[in-house]
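Residue numbers (the numbering used here), protein chains in the order written: chain Y, 1 to 455; chain C, 1 to 455.
Don't read these hints as lab results, they were simulated from the structure. Just to be clear, a hint being listed does not mean it is correct.
It does not matter which identical chain is used: a pair holds within one copy or between any two.
[Said to hold, decoys possible] The calculated lysine to aspartate or glutamate pairs, modelled on EDC-like cross-linking and capped at a C-alpha distance of 16 Å, are: (1) Lys44 with Glu72; (2) Lys100 with Asp356; (3) Lys371 with Asp436; (4) Lys446 with Glu92; (5) Lys291 with Glu92; (6) Lys291 with Asp360; (7) Lys178 with Glu427.
Protein chains: 2
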Amino acid sequence: MDKIPYKIYLRESEIPSKWYNLRADMKNKPAPLMHPGTHQAMTKEDLMPVFCEELVDQELNVTDRFIDIPTEIQNFYKMYRPSPIVRAYCLEEKLGTPAKIYYKFEGNNTSGSHKLNSAIAQAYYAKKQGLKGVTTETGAGQWGTALSMACSYFGLDCKVYMVKVSYEQKPFRREVMKTYGSTVIPSPSNTTNIGRKILEEFPGTGGSLGCAISEAVEVATSTPGYRYVLGSVLNQVLLHQSVIGLEAKAALDKYNIVPDTIIGCAGGGSNLGGLIAPFMGQKLRGEQDYKIIAVEPASCPSFTRGKYAYDFCDTGMVCPLCKMYTLGSNFMPSPNHAGGLRYHGMNPALSQLYADGLIDAVAVEQTDVFKAAEYFARVEGILPAPESSHAIKVAIDEALKCKETGEEKTILFGLTGTGYFDLVGYEKFHNGQLEDYIPTDEDLAKSLSKLPKVE
Amino acid sequence: MDKIPYKIYLRESEIPSKWYNLRADMKNKPAPLMHPGTHQAMTKEDLMPVFCEELVDQELNVTDRFIDIPTEIQNFYKMYRPSPIVRAYCLEEKLGTPAKIYYKFEGNNTSGSHKLNSAIAQAYYAKKQGLKGVTTETGAGQWGTALSMACSYFGLDCKVYMVKVSYEQKPFRREVMKTYGSTVIPSPSNTTNIGRKILEEFPGTGGSLGCAISEAVEVATSTPGYRYVLGSVLNQVLLHQSVIGLEAKAALDKYNIVPDTIIGCAGGGSNLGGLIAPFMGQKLRGEQDYKIIAVEPASCPSFTRGKYAYDFCDTGMVCPLCKMYTLGSNFMPSPNHAGGLRYHGMNPALSQLYADGLIDAVAVEQTDVFKAAEYFARVEGILPAPESSHAIKVAIDEALKCKETGEEKTILFGLTGTGYFDLVGYEKFHNGQLEDYIPTDEDLAKSLSKLPKVE
Numbered sequence: 001m002d003k004i005p006y007k008i009y010l011r012e013s014e015i016p017s018k019w020y021n022l023r024a025d026m027k028n029k030p031a032p033l034m035h036p037g038t039h040q041a042m043t044k045e046d047l048m049p050v051f052c053e054e055l056v057d058q059e060l061n062v063t064d065r066f067i068d069i070p071t072e073i074q075n076f077y078k079m080y081r082p083s084p085i086v087r088a089y090c091l092e093e094k095l096g097t098p099a100k101i102y103y104k105f106e107g108n109n110t111s112g113s114h115k116l117n118s119a120i121a122q123a124y125y126a127k128k129q130g131l132k133g134v135t136t137e138t139g140a141g142q143w144g145t146a147l148s149m150a151c152s153y154f155g156l157d158c159k160v161y162m163v164k165v166s167y168e169q170k171p172f173r174r175e176v177m178k179t180y181g182s183t184v185i186p187s188p189s190n191t192t193n194i195g196r197k198i199l200e201e202f203p204g205t206g207g208s209l210g211c212a213i214s215e216a217v218e219v220a221t222s223t224p225g226y227r228y229v230l231g232s233v234l235n236q237v238l239l240h241q242s243v244i245g246l247e248a249k250a251a252l253d254k255y256n257i258v259p260d261t262i263i264g265c266a267g268g269g270s271n272l273g274g275l276i277a278p279f280m281g282q283k284l285r286g287e288q289d290y291k292i293i294a295v296e297p298a299s300c301p302s303f304t305r306g307k308y309a310y311d312f313c314d315t316g317m318v319c320p321l322c323k324m325y326t327l328g329s330n331f332m333p334s335p336n337h338a339g340g341l342r343y344h345g346m347n348p349a350l351s352q353l354y355a356d357g358l359i360d361a362v363a364v365e366q367t368d369v370f371k372a373a374e375y376f377a378r379v380e381g382i383l384p385a386p387e388s389s390h391a392i393k394v395a396i397d398e399a400l401k402c403k404e405t406g407e408e409k410t411i412l413f414g415l416t417g418t419g420y421f422d423l424v425g426y427e428k429f430h431n432g433q434l435e436d437y438i439p440t441d442e443d444l445a446k447s448l449s450k451l452p453k454v455e
Numbered sequence: 001m002d003k004i005p006y007k008i009y010l011r012e013s014e015i016p017s018k019w020y021n022l023r024a025d026m027k028n029k030p031a032p033l034m035h036p037g038t039h040q041a042m043t044k045e046d047l048m049p050v051f052c053e054e055l056v057d058q059e060l061n062v063t064d065r066f067i068d069i070p071t072e073i074q075n076f077y078k079m080y081r082p083s084p085i086v087r088a089y090c091l092e093e094k095l096g097t098p099a100k101i102y103y104k105f106e107g108n109n110t111s112g113s114h115k116l117n118s119a120i121a122q123a124y125y126a127k128k129q130g131l132k133g134v135t136t137e138t139g140a141g142q143w144g145t146a147l148s149m150a151c152s153y154f155g156l157d158c159k160v161y162m163v164k165v166s167y168e169q170k171p172f173r174r175e176v177m178k179t180y181g182s183t184v185i186p187s188p189s190n191t192t193n194i195g196r197k198i199l200e201e202f203p204g205t206g207g208s209l210g211c212a213i214s215e216a217v218e219v220a221t222s223t224p225g226y227r228y229v230l231g232s233v234l235n236q237v238l239l240h241q242s243v244i245g246l247e248a249k250a251a252l253d254k255y256n257i258v259p260d261t262i263i264g265c266a267g268g269g270s271n272l273g274g275l276i277a278p279f280m281g282q283k284l285r286g287e288q289d290y291k292i293i294a295v296e297p298a299s300c301p302s303f304t305r306g307k308y309a310y311d312f313c314d315t316g317m318v319c320p321l322c323k324m325y326t327l328g329s330n331f332m333p334s335p336n337h338a339g340g341l342r343y344h345g346m347n348p349a350l351s352q353l354y355a356d357g358l359i360d361a362v363a364v365e366q367t368d369v370f371k372a373a374e375y376f377a378r379v380e381g382i383l384p385a386p387e388s389s390h391a392i393k394v395a396i397d398e399a400l401k402c403k404e405t406g407e408e409k410t411i412l413f414g415l416t417g418t419g420y421f422d423l424v425g426y427e428k429f430h431n432g433q434l435e436d437y438i439p440t441d442e443d444l445a446k447s448l449s450k451l452p453k454v455e
C-alpha cells in the first residue's frame, strides 16, 4: 500500500451530497424540545415563529438517515471543503509514540472553524424561505463570523448579539463580521426588552451566551422577515456538521484506516457530534466499536459534572426547554476561562448517547490545554484555537499511554479551528497569568437548584 | 474534459523536488551585489560572515536552472503544501466577466503567507551548518512569524527585530512569534550600536524596515554561531519561492490551462518572483508569452517611480549595495500606509526583467485595495491580506476590461496570504479613516538624491 500522505484530501466530487442524521440510528431517541409553559413537546407550528421552516423539519426529524444537501450549499462547500485529514507524523515522532495520530482540520476558512458548515446551511434555508435576515448570538466569535460570511454570500441581513466582554476583548472578530456586512451589537444591549431588564438589574455585567441568545430570539420573533439561528446545541446543527465525520470516514476508508479512539472537544456539541456521527452510527448498528471521548473544560463541565435534565436554553427563558446534560441555565464559567466551550448545556442527542454509556467524557484544565496548544503549534505548525486544543490535550495523553503500553492505536481527533483571534489567551499563558478554575460542588448545586420543574 | 474544480490540488508526491532558478534563463543577468567600500562584486567569502554558506552559494548561482530541495524541507512542505489553485467561480459570476480567474492561495498555514516557503529553507541551512540561531527583521510580521515557525521546527534560536510601530500596533503578531519560542525586539532598540545611534538621533521614531535590517545584521555578525536571514529582496528567496509558481504551473497544466495574464503584488518581490518564475522562464526561452503585471502600492512605488541603480539595502548602510529599482534607502512610506509592501527597493532579478521590458507594473491606492479586499472576502470567502489585495484589485480590473471587450482571458493571480492580523487596517477602512498617500516628485527626488556614487 502507498505510504499514508501527510494530508488526505478527498476529491471535490467526493464531498458528501447528503448529511447523515445520527438520530435515525438511535434506539433511545433524544428527548423532544418542550414548551416552557405547557410542558408539551414542541410542534412544528410552535417552532416556526423562531426558526426557518426547513430547519424546524430537520430539528424534528429523528427518522430519515440521510438528508440531501442542496446544490447551492454544496457549491459553497466547494469554496473551502473538502477539509484535510492530517496524519500528525511530526507530533508522533516528537512524542515517540507508536500510536498513529490523525486530525480532521476544519480551520482553513476565514471564519477559522467548522461553524461555517452549519452557517451556510442555515443562511440558505432562510434565503429560500424569502426571509430578509437572521439574528444570532456569538461568544468567542467563531459562529458570528461564520454566519456573517454565509449571510453575505446569500445577501441576507445579519444581526449578531455578541457577549459584551467578547465584543470588547475581541475587536478584530467584530471587524471581520463587519467586513462581511453584519451588524454587531454588544449584549446585553438596550435594543431588546430582555437586554434592558438585565442591564437594569446588573448594570456592569459583561454578558453571557444565555443572555445574548435571549436578545437574538426576541429580535427575531418581533421583527417581520427575521428568524433566529444558532451555531450549536441544536440537532439540526449536528446534522449539518455530520459533513465533518462523513468526509473524515471517507478519507480514512481510502487507506483502510480504522480509528480506535475518536476525540472531540465539546461545548454545545456541534463539532463532537459532527465528527463522530458516521462512526457512532456504525457503533449503534453494531458494525464497529470505537472509543469516543468528549473533552470539556474543567471550568464548564456539563458532561462530567452536570445533570441530565430538562433545562432552559437561555437566561431569559424564552426558548424551549431541552433535556440535556446541564450545569443550570444561570451557570457562568469563571471570567478566567479563555475561548469558547462555555455553554451551560449539551446537545440533546449527545446527551442521550452519553447517558447510554456510548461516549466517554473527560474534563481538562486550561493551563494544560494551552501547554498542549503551544506544543502542537511548534511541532505541527498550526496555531490551534483553545477550543480545539482540548482535543489535542487528550489526544496527546492517549498517545503517551500507547507509548507506555506499546500499543499501536489509531487516534483521530477534531482540530476545529485556528487561534488567530485567541492571542490574548496565548499572551496570558506566556505571561503566567492564565489560571485554572474548577467550580466547587456548592457552585454547581446552586446553579442546578433552579432547573425547571418538569414531570 | 472534466469541469475544472473549485480548487486544484496537486498530489503530495507532486510537490516540486527542485527549485527553479530563473536567473539561469536570463540573458541579462541581475547585477551582482557590490561591496559598499570597495565597489567590487561581493564574493562568497565576503558574504559568509552574514549569511549561511549554502544560501550564499544560492545567492551567487546564476547558472544552475534547478536546485534540489533537501528531503527535510520537502517533508516540512508536506505539512502545508501543496497549496491550492482556486478557480474564482464566485468572483467571475459576481463580476459578470467572461474572463476565467484563478488564484494560487498561499495563506493556509499559521504564518498566514507564502513567507514560510523560504523561512523553512533558510532555517534548514542554518541548522545544517551547525549554527545556534538566526536574526532577522520583520515589518508587517508575516516573515517574522514564518521564520519563528521554521526555527521552532529545527530547534534554532530566533531573534526578530520588529519595526517598533508594528510591534506596538500588532501585539498578536508578537504573541504568535513568542508561541513559537522567538525573541521579539522592537526596533530601533538599545541592543545594537546602530539602534542606539538611531534612538539618539530620532528619540521618538517608530522605526523602519531598513533600520531593523541594520540591527539584525549587526547582531548576526557580532554573535558567534548566528547568521542573518531575510524574507524578501534576495535572489535566494526568489529561488525558494519558485515552489509557488512551479506548483501553480503543474496544477494548471493538468487541465491544459494557459494563463494570458499573471498578476502578483510586489514589495521586495518574493511572491511575484516565485509565482512568475516558471512562466517567465518559458517567456525568456521563447516558448510562450504571458502578460505579467507587478502591482505595487502608490505610496511605495519602486518599479513605477523608482530609479534602477545601485543602492543601500538598509538604513545603517552595513549591507552590500544592490542594483535594483529603488526609491532611495532613506525613503519612508507614509504612516498611513497599511500592511507590508513598504521596502524601498526591489529584488535585483525582477529589476533587470522590468528594465528589459518583460514585466509590466502598476501602482494602486490603498482605499481601492481595501475596497477590492472586502469585495473579494464577501464573494470568495477568504479574508485577504492587504498585500495580496493589491493583486486582487488589478485582477478585478483586468476581468472588468474583459467584460467590456468580451475577451475570455485567463487570469492568474497570487493570493499571498490572509488578513487576520491586519484588522486595524480593515477597521480604518470601515470607519472611513484610511487615506491615500502618493509621494510627490520632490519627496522622491529628495530620497533618491542620496544614492551611493557607483561607477
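Quick rundown of the hints versus the structure:
1. Lys44 with Glu72: neither (25 Å within a copy, 58 Å between copies)
2. Lys100 with Asp356: Cα proximity of lysine 100 and aspartate 356: none, with 29 Å in one copy and 54 Å across.
3. Lys371 with Asp436: within (13 Å within a copy, 43 Å between copies)
4. Lys446 with Glu92: neither (43 Å within a copy, 57 Å between copies)
5. Lys291 with Glu92: Close neither inside one copy (20 Å) nor across copies (46 Å); limit 16 Å.
6. Lys291 with Asp360: Close inside one copy (8 Å), not across copies (59 Å); limit 16 Å.
7. Lys178 with Glu427: Cα proximity of lysine 178 and glutamate 427: across copies only (9 Å, versus 25 Å in one copy).
Figure legend: structure checked against the earlier numbered hints; hints not met, in rising order: 1, 2, 4 and 5.
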